[in-house]
Amino acid sequence: MNRLLYIHLLLATLCLLGCESTQEEILRTENLYSADSIVNTQVGQQSVTLSEEQCDNYTIILTGLHGQITLSCEEGKLFLPELIANIAGSYQLLYFDDHRLIEQQELRIKAGKPEGEILTYVGPKTTSFDGTPGTMLTTIITDSLNNMVDDDIALRYRLLGKKGRFDRTEIVDHNYFTKKIFPPYNNDKVLVGLAGPNLYSLELPLEGSSGCAKSAELTLPLLYPLADGRQTFDIEVQNGIDSEGYKVEDGSLITLYLYNSKSSYKAKYTSVFVNGGAKFTVENPPRADIIDLDLYACEQLIASKRDVVFNTAAIEVPHIWLSATELQIGPVLNTLNQVLPNGSPIDLSLVGCEQATLPFIELYDGIARIDLNEIYTSCDYSELVFAINNQSTIIKKPKSNE
Amino acid sequence: MLFESYETTYDAYVHIFFAEHYASHWFDHWNYKWYTGFTVTSYPPLIHQTIALFSKLVGFKLAFIITALASIMIFIRGVFYFSSLWVSERAAAYASCAAGLCSSYVEAIHIFGQLPSITGIAILLNILPFIYWWVRKKKSKHVILALLLLSIVTCTHHVTTIFGMVFFIFPIIGLALLDDTYERDNAYTIVGFLLSLKQKFFSLIGFGVATLCITILSILPYWAWSRADPISQIPIPHGSRDSFIEVTSSGLIFFLIPWGMMLLFLPFLFKQIFKKRVIILGLSLTLAFILGTGGTTPIPRMLLGETAFNILTLDRFTYWATILALPFWGQYIHQLIEGDFKKYLSELLSPSGYKILLSLLAVVTVGSTIFIMNIGFFRPFQPKKIDVQPIVNFLSRDDHDKWRYMTLGFGDQVAWLAANTDALSIDGNYHSARRLPEMTTRVVERLENAKYQGLKGLGALNQFLTIPEKYNLKYIFCNDKFYEPILYFSGWNKIRRLENDVDVWEKPDILALPDLLPRKNIPSYQQLMWSTIPIGMVAVLFFFLIFFRLRGESFKEQTVISNANSNTHWKWHSLWAILVLFLFLASFLHAYITNRTHQSPDNIIDAYYHALDFKYFDEIYTFYDPISRPDKAQIFLDISLEDGIANSFGKLNSIQKTITLKQDTLALAVVDAEWVTALSSQTITTVHKLIKRDNRWYLKAPEHEIKIPPQQIVTNPTVNYEKLGRREAMASGTDHKDILDRPDIGFDNIHLIQNEGQYFVIGEIMNTDIVPAYITISGCLTDEKKAPIICYNARDKVIQRLAPKERSPFMIEFDEISRQHLITQLGKDIDYDINPFDSLPSVIHANIQIKALVNTDSPYVNYGIKNLEQEQGAIYGELYNFGHEGVNIPRVLAGFYTKDNKLMWVENIYLEKEVRPLRSKQFVLNTHQHLSSKIMYSLTPDDIKINGFNIDQNRFASERRHHKLSDGFSIDFKANGYIIE
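Those sequence lines, one after another, are chains A and B. Each residue of the first sequence is one higher than the one before, counting from 1 in the working numbering. Each residue of the second sequence is one higher than the one before, counting from 1 in the working numbering.
Worth flagging that the hints you see were computed from the coordinates, not collected in a lab. Treat the hints with care, as some may be off.
[Claimed, not checked] Derived SDA-like pairs (lysine to any residue); straight-line CA-CA distance at most 25 Å: (1) B:Lys520 to A:Ser263; (2) B:Lys692 to B:His590; (3) A:Lys279 to B:Ile834; (4) B:Lys964 to A:Ser263; (5) B:Lys692 to B:Arg596; (6) B:Lys494 to B:Lys692; (7) B:Lys657 to B:Ser680; (8) A:Lys189 to A:Glu203; (9) B:Lys520 to A:Met148; (10) B:Lys723 to A:Gln105; (11) B:Lys692 to A:Phe360; (12) A:Lys189 to B:Arg596; (13) B:Lys662 to A:Glu203; (14) B:Lys707 to A:Glu316; (15) B:Lys402 to A:Ile69; (16) B:Lys662 to A:Ala324; (17) B:Lys707 to B:Ile980; (18) B:Lys402 to A:Met148; (19) A:Lys279 to A:Ile290; (20) B:Lys707 to A:Phe233; (21) B:Lys921 to A:Phe233; (22) A:Lys279 to B:Val676; (23) A:Lys397 to B:Lys494; (24) B:Lys707 to A:Thr335; (25) B:Lys964 to A:Tyr259; (26) B:Lys385 to B:Asp401; (27) A:Lys162 to A:Lys247; (28) B:Lys520 to A:Thr63; (29) A:Lys214 to B:Thr718; (30) B:Lys271 to B:Tyr81; (31) B:Lys385 to B:Ile980; (32) A:Lys189 to B:Leu724; (33) B:Lys707 to A:Cys379.
[Said to hold, decoys possible] For the chain A half of the interface with chain B, some residues (derived, Cβ under 7 Å), not all of them: (34) Thr59; (35) Thr63; (36) Leu223; (37) Asp250.
Owing to the predicted nature of the structure, the values given are computational and were not obtained by experimental measurement. Beta carbons: idealized from backbone N, C-alpha and C, even for Gly.
Given only the sequences and the hints, what does the whole structure look like? Please build it.
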């Protein structure tokens, strides 16, 4: 008895394994619908007509929006739930026979007549008049259920600006209308309105901004002309205006180049216009130099300043021996008898031992100390050279018995 | 369990995630939440369904605890009945007591959180006596019960059924046949065994077939799934396959901890299992023991074959071996407490000495169990617990769940988040369900912990961050600062920090998910089977038990086992135990002594960098020379001012140290520390001075920046933007009204270039509009017919947030995506020295699309690039910050131009340290990469789309100002950076 049971179980298992099929294998090419491969209807229609064969013999599932919905179908009428009936678009009807997919068919729900407010948007402000291509106006035309319409529509748009009124009618052949309309002039304002059959729009101002900066004034209010690589000076930009004399838009980027050769910059700084002006805080160069300044906006030169002179900062580099191995550099003063700023680097080199690993030394309160024991080198040296801002001093290394 | 230790386990939340699926959609097999959807028929459902049912009453966490406690009780009962077949009832009782302290079992619960696996084994152990009794007594109630329970095991954890046949059921059947032989012949002989086998051969075959049918039918949809959608993934490296001698941490986790105190009785175990009655179990146990040693010997690889060895996690064999050993562990304890071993030790140590030893062993056993349960406290496996509610709230409001999200740095808590939200994640925590080629072809377990997978992990993550639109990925919840640089420089915006300190990052300009997502359906009968059979089998079991109970029948049969161990060599067993304990203590002491922090310059440097990596600043302070170090507060202050990509966002990968000078009390070490950051790896060379005081080595405290800017206050006018749109307060949204026009973007100099066999699209863009723009640049390499071959976005070689009239060079690097393309084609990973472009069709042209959005965050632009000097193939310069904010990760973007101003190359430099206001930091840029660039094709306006249109007018004019290089090329720098708000 048991054995028979086991044989049955085995056969059942084999059958199950053999009988199992994938969905792809089941899909047949049978054509359920005789004429129309697409079922068309309008939004708001609660049902569509199918053949009775389709209705009676199959489970019909609609896909295409928020998952799948099984639809009810009676006497050739396929009922659409409100969610579907009110949303135009393309859906798929899947016909199942005992959980096997038999066929698919497209259900197209067309939008209704255009009606109500035209949704129109443009940029928050337009781009400027000079050299830029214009403002994109986008209009979306919908029916009363908020579906975008498909039909051709004669759309009138009207502009009122500095140059007067302008009316134009366009035939819109798709469900949204985009157009680059001419931009307003710099600092101009254009009012736009749109209308069509049963359609109206809200007010829509297009504001013309000013264009790229064409000129500005460059001033150096107070220069501290020492090349210590630490002090800073402010460069002020004022009266940044476009080609028509309008103040440049806030937030526009400007670039300041510092150079001493026309073909190559040594430094560049960026800032933005605010209320037609800008400020750069620039560090003094580390070496004595004569530099030129160029100010650029929109990649074009708008102002220059020539021959800004920076002199050597340190006048001398004094030193004293604190012990046989400890050396104090400083206090290092500038031409105004001020100690050089904290962190000013001291370049150290050894005469006759150029490959040595040397410690990094900075001034603190104008002074730096170095322990010769911290100079690890395999070669011998007799002199140390300390340099600050090109100003150097040579110090003899004490002999070991000194 | 009651202390919620499961929350720090690897898998507990995954099972809760599955449970949530069944609680919400019991009859739906498809889960949309992870990857791009997967079928839950890929994992046996019973435990998840059980938790789902309980959760309706007590919530998911308590449901998990209840299920786990029930499982533990079933396990302890099972160990007793299973052990009773091998050893005396007294020893079995000890075995069941010891089962709760069994290291591997405790590890499986408290470290791995493998509830289905431990439940499967628990039920299986309870089945084995029924199989034994059925083979011996031939009562159908036993086989029916066994088969019913086997189906439940299968529905719980099918792997337990499959391997349980080999490791548990075959030995039990063998035992039954051997006992039959003994009963008949009064001896265990092969001939007698074969005779018993012959007598019961057809019954056993029938049982096997029935088991097969039960196994197939119980979870038929699983088998159908595994046949239709086989797992074809690159094996993920697993420590259980390591050589435990070479990788001692793997040896600890996958061998020493699972065996735990059982290591003390291994000779006793192997002596017991190689007796005639137990020989079949002995073979199974030995096999499991050997397989559990992973890659320590070549034997497991030979036994399993290359494929199985690389797919299976071998720790499960150790787990089964320890469970199989439990009866004998009980026997050992029995002997130790009541038997000959006790007598031997009492005589050897005196009765009080014996009692002390016994107490010590008990303390060590319980202590080791408690240690394993709390090992996560000593070495955290997971990030700190995250309150997921703020994330759930964020996702559920303002339609944020219309996009996919990703988490970074959440550990296994990703599953808990997923269980609590309806939003969909591109990542997940269930490897078997991954089907995205970006993940299956990489050794990436999951994206959220990509940093632990090195270059390949970050490579996979990069793809999702660079082209998030492919999977509608818009939000990232970041709980690990490590990822912040890559997020920022890949164009993600940090939009807010939630109440749980998790940062939300957003990618602008990503399309929402379509209303209907793809899914793979299964036949309805399979769906019904999956939803009803597992829980139905439990119901049938209860009916069956009640039915037989009502009839007054019992399932229990008497098994008399005599286990006299008079011959056991207790002396040798004692010596072995002493040897194991000695080895353990000796290794511990050796490790302690050799790794003492202040022992040598090497040790203190290692300890210092370890502490630096994990930001143990208090510890770091103790490493500094106590005589010369500044105050602790000063050091901490200095450290707090030294932010930067490596310091704050890096993970230490390796250090190379060279002791350049070592004297008695002084040493000098040069350390090259390689910090891996999400963007690149940075090697920072530091010279350390070491001083020896009182026989302890210390580091000299580093000196920090002493520069103080001359100004005492910085003023800096800024422009603020607010996007008003035309938003209306409507619950249903405001449709299209709120959308702003896309800013106008200019372009110039866009070329397809080839450099060292790889292709790039480079160019320049300018925000010609008057509002800040957020830029996305996508490019495709195309063939001669301009058909796309591969497409990718510009990642970090562009400034995505442009101020009005700001220009940026950009470069689209296709190496990662072309590598993915090739990997997907080959179905296997490739080395990084292979050029994937060699296998692509001929790249002839390219096209790009530039999209811009209004960005209301005003970009910080107050940078200067100064002191530029060219020296020996490199250009040195300084990035200067003259604004009012510290730039945490400064970046310099450099474009290389020919004499006639054609852009040839774009390079990125991330500066090591933060640049505070009115300070500068040096950078170095190698200037050779551009020399091998060759323009293959200059893109025409037809190849360029800006905001969806081909507009030739958008080409901008520029009076070029560059820094000239000595090779005739010139260079232009742009600077920007990540500022932590």
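* Verify the proposed pairing of lysine 279 of chain A with isoleucine 290 of chain A, using a straight-line Cα cut of 25 Å. => Holds. Lysine 279 of chain A to isoleucine 290 of chain A sits at ~21 Å (cutoff 25 Å).
* Is lysine 189 of chain A close enough to leucine 724 of chain B, meaning Cα to Cα at most 25 Å? -> Since the Cα atoms of lysine 189 of chain A and leucine 724 of chain B sit roughly 19 Å apart, the hinted pair holds (cutoff 25 Å).
* Asked: CA of lysine 385 of chain B to CA of aspartate 401 of chain B, is that 25 Å or under?
  -> At roughly 23 Å apart (the allowed maximum being 25 Å), aspartate 401 of chain B and lysine 385 of chain B satisfy the hint.
* Asked: Between lysine 397 of chain A and lysine 494 of chain B, is the straight-line Cα distance small enough, at 25 Å or below?
  -> Violated, because 57 Å separates the two Cα atoms, which is more than 25 Å.
* Asked: Under the criterion that the straight-line Cα-Cα distance not exceed 25 Å, is the pair lysine 707 of chain B, phenylalanine 233 of chain A satisfied?
  -> holds, 17 Å
* Decide if the proposed pair is consistent with the structure: lysine 189 of chain A and glutamate 203 of chain A, CA atoms, cutoff 25 Å inclusive. => holds, 13 Å
* Are the Cα positions of lysine 662 of chain B and glutamate 203 of chain A separated by 25 Å at most? -> Given that 25 Å is the threshold and the Cα spacing comes to 82 Å, the pair is violated.
* 25 Å limit on alpha-carbon distance, applied to hinted pair lysine 402 of chain B and isoleucine 69 of chain A -> Measuring from Cα to Cα gives roughly 20 Å; hence the hint holds.
* **Status of the leucine 223 of chain A interface restraint (C-beta, 7 Å, chain B)** => violated, 13 Å
* Agreement of lysine 662 of chain B and alanine 324 of chain A with the hint, judged by alpha carbon distance not exceeding 25 Å -> Within the cut-off at roughly 23 Å; holds.
* Asked: Is the straight-line distance between the alpha-carbon of lysine 520 of chain B and that of threonine 63 of chain A 25 Å or less?
  -> With a Cα-Cα distance of about 14 Å, the restraint between lysine 520 of chain B and threonine 63 of chain A holds, given a limit of 25 Å.
* Is the straight-line distance between the alpha-carbon of lysine 964 of chain B and that of serine 263 of chain A 25 Å or less? -> Satisfied, since the Cα-Cα distance of roughly 7 Å is no more than 25 Å.
Violated hints for the displayed structure, listed by number in ascending order: 1, 3, 6, 9, 10, 12, 13, 22, 23, 33, 34 and 36.
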